[in-house]
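Here the UniProt record's numbering is used: the first residue of the sequence shown is 1, the next is one more, and so on.
The set of hints was computed from the structure by calculation and includes no laboratory data.
Check the hints yourself; a few may be wrong.
Straight-line distance between alpha carbons at most 30 Å, and here's what the computed BS3-like set of lysine-lysine pairs gives [to be verified]:
#, residue 1, residue 2
1, K361, K53
2, K298, K209
3, K84, K221
4, K143, K361
5, K55, K245
6, K273, K84
7, K209, K361
8, K331, K84
9, K28, K55
10, K298, K359
11, K55, K331
12, K331, K245
13, K53, K331
DEER-style ranges, computed between Cβ atoms [as the list claims (entries may be wrong)]:
#, residue 1, residue 2, range
14, L214, A237, 32 to 40 Å
15, A280, A149, 14 to 22 Å
16, F220, W295, 30 to 38 Å
17, L88, Y59, 48 to 56 Å
18, F220, G254, 21 to 29 Å
19, F198, V276, 49 to 57 Å
20, L202, K359, 38 to 46 Å
21, I236, F76, 39 to 47 Å
22, G254, P206, 17 to 25 Å
23, F76, I16, 27 to 35 Å
24, A13, G254, 45 to 53 Å
25, L291, K209, 54 to 62 Å
26, G330, F220, 14 to 22 Å
27, S27, I287, 28 to 36 Å
In this text, all values refer to a predicted model and were calculated from it rather than measured experimentally.
Backbone N, C-alpha and C fix where the C-beta goes; we use that ideal spot for every residue, glycine too.
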Amino acid sequence: MPGMKFFYKVTIALTIAALVAVLIMLSKGLEHTGPYVLTFFVLLAISLCSSPKTKSFAYTVLIFGAAAMALYYPEFFISYGNFKYATLIIPLIQLIMFGMGTSMHYQDFLGVLKSPGGIIIGVVSHFIIMPLLGFSIATLSVKLTGMPAEIAAGIILIGCCPNGMASNVVSYLARANLALSVTITSISTMLSPVLTPFLMNLLAGPLIKIDPWLMVVDIFKMVMIPIALGVLFSSIAKEHSRWLKRIMPFISMGGIIGIIIIITAAGRDSLLKVGVLLAALVLLHNIGGYLLGFWSAKALGMEERDCRTIAIEVGMQNGGMAAGLAKGMGKIATLGLAPVIFSTFMNITGSLLASYWHKRKPGPAHEATLQNPAEA
Numbered sequence: 001m002p003g004m005k006f007f008y009k010v011t012i013a014l015t016i017a018a019l020v021a022v023l024i025m026l027s028k029g030l031e032h033t034g035p036y037v038l039t040f041f042v043l044l045a046i047s048l049c050s051s052p053k054t055k056s057f058a059y060t061v062l063i064f065g066a067a068a069m070a071l072y073y074p075e076f077f078i079s080y081g082n083f084k085y086a087t088l089i090i091p092l093i094q095l096i097m098f099g100m101g102t103s104m105h106y107q108d109f110l111g112v113l114k115s116p117g118g119i120i121i122g123v124v125s126h127f128i129i130m131p132l133l134g135f136s137i138a139t140l141s142v143k144l145t146g147m148p149a150e151i152a153a154g155i156i157l158i159g160c161c162p163n164g165m166a167s168n169v170v171s172y173l174a175r176a177n178l179a180l181s182v183t184i185t186s187i188s189t190m191l192s193p194v195l196t197p198f199l200m201n202l203l204a205g206p207l208i209k210i211d212p213w214l215m216v217v218d219i220f221k222m223v224m225i226p227i228a229l230g231v232l233f234s235s236i237a238k239e240h241s242r243w244l245k246r247i248m249p250f251i252s253m254g255g256i257i258g259i260i261i262i263i264t265a266a267g268r269d270s271l272l273k274v275g276v277l278l279a280a281l282v283l284l285h286n287i288g289g290y291l292l293g294f295w296s297a298k299a300l301g302m303e304e305r306d307c308r309t310i311a312i313e314v315g316m317q318n319g320g321m322a323a324g325l326a327k328g329m330g331k332i333a334t335l336g337l338a339p340v341i342f343s344t345f346m347n348i349t350g351s352l353l354a355s356y357w358h359k360r361k362p363g364p365a366h367e368a369t370l371q372n373p374a375e376a
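Build out the structure end to end from the sequences listed, making use of the hints.
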């Protein structure tokens, strides 16, 4: 449409103008660039929607804008009177998990009985690679760089959590095995009440005091019960749940942005001290998960399509759950920082990986690992 084309041209021009304004205001000091930085991110997100090739990056840009807003103006996102916004984190996570439940179906689990090999490899790889990689990175960061133990422990925490629903979207875009992706995400989430507290206590115990039983309770409260309610609602309502399935992804995206804003504002001082280093370590954790996941699956003789799925399922984590656990431990401003940064970078790297693989059709499959959910 000519009108939309003109609108996007104007938006792109304004985005460039906002960037120029940021560069000019930098000469007066970083603290003066706030309004221009926020304007730039909003305009850039709108501009990215002008092309199907860049549209998927708009949400990631909004996440950066939200984090920047919390860094520039943290006082607006910490409390309102006696009410602390951190109180909203767990309800937001429960809402996101409920949405995850509405998108799940008992048939997703039937694939385990039909072809368990790929699922076992995916789940085992996920709960071995990411926790151990996070442990190695966190331990070295404390010893070599002097990073505070509570902040470093956040890297282990995100590594011990199950997959996030974002991995299913990335798998679909990357021409991976979507049914396998959905099932691995579901199984890893169901196992998280046992494995996440156990692994966190085992690996992060030397860095921070862990109460594994409290974590079990928190996971059931934040994750398992909302997901179960979502599955139940979807099963009972059926026809009436279709509208919910359409809007829940948008509600979930809004919830994630809200969580990022609250945690970034709460941990602003710590983030400014170790932000660049922590970002580099978290990015290493994320990319390392993709690489080790892909090549471990390759070494086990899996076909290209399934190797892509394992890489994505290993490298992408449930950052919301990690943030909620940090909140439950009363350490949202330290332990919660790594999960927030991980979630931000995960959206970028996942989008890039999906774009790269989407252009490269995987080799012919010998046999579908799982039945497509749409055909079930």
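Going through the hints against the structure:
Of the pairs offered as hints, the one joining K361 and K53 holds, with about 17 Å between alpha carbons and a cut-off of 30 Å not exceeded. For the suggested pair K298 and K209, the alpha carbons sit about 38 Å apart, so the restraint of at most 30 Å is broken. Simply put, K84 and K221 have alpha-carbon atoms about 20 Å apart, close enough for the 30 Å limit, and the pair holds. For the hint pairing K143 with K361, the CA-to-CA distance comes to about 43 Å; that exceeds 30 Å, so the pair is violated.
With a C-alpha separation of about 21 Å, the suggested pair K55 and K245 falls inside the 30 Å cut-off, and the hint holds. At roughly 24 Å between alpha-carbon atoms, K273 and K84 fall within 30 Å of each other, so this suggested pair holds. In summary, the hint linking K209 to K361 is not supported, as the alpha carbons are separated by about 47 Å, beyond the 30 Å threshold. Among the hinted pairs, K331 with K84 is consistent with the structure: their alpha-carbon atoms are about 14 Å apart, no more than 30 Å.
Of the pairs offered as hints, the one joining K28 and K55 is violated, with about 34 Å between alpha carbons and a cut-off of 30 Å exceeded. A threshold of 30 Å between alpha carbons decides the hint, and for K298 with K359 the separation of about 20 Å falls inside it, so the pair holds. For the proposed pair K55 and K331, the alpha carbon gap of about 35 Å is over 30 Å, so the pair is violated. Simply put, K331 and K245 have alpha-carbon atoms about 33 Å apart, too far for the 30 Å limit, and the pair is violated.
Between K53 and K331, the direct Cα distance comes to roughly 39 Å. Violation of the 30 Å bound is thereby established for this hinted pair. The hinted range of 32 to 40 Å is satisfied by L214 and A237, whose Cβ atoms lie roughly 34 Å apart. One distance hint, 14 to 22 Å for the beta-carbon pair A280 and A149, holds here, with the actual separation near 18 Å. For the pair F220 and W295, the beta carbons lie near 35 Å from each other, so the given range of 30 to 38 Å is met.
Here the CB-CB span from L88 to Y59 is close to 20 Å, at odds with the stated 48 to 56 Å. For F220 paired with G254, a C-beta distance near 25 Å keeps the hint of 21 to 29 Å intact. Remark: the range hint 49 to 57 Å for F198 to V276 is contradicted by a beta-carbon distance near 32 Å. The beta-carbon spacing between L202 and K359, approximately 41 Å, falls within the hinted interval of 38 to 46 Å.
About 40 Å separates the C-beta atoms of I236 and F76, a value consistent with the hinted range of 39 to 47 Å. With their beta carbons about 37 Å apart, G254 and P206 fall outside the hinted range of 17 to 25 Å. As the Cβ distance of F76 to I16 is approximately 28 Å, the hint placing it in 27 to 35 Å holds. Under the hint 45 to 53 Å, the C-beta atoms of A13 and G254, about 28 Å apart, miss the expected range.
At about 33 Å, the CB distance of L291 to K209 disagrees with the hint of 54 to 62 Å. Look at G330 against F220: about 19 Å separates their beta carbons, and that is inside 14 to 22 Å. Taking the beta carbon of each, S27 and I287 are about 35 Å apart, inside 28 to 36 Å as hinted.
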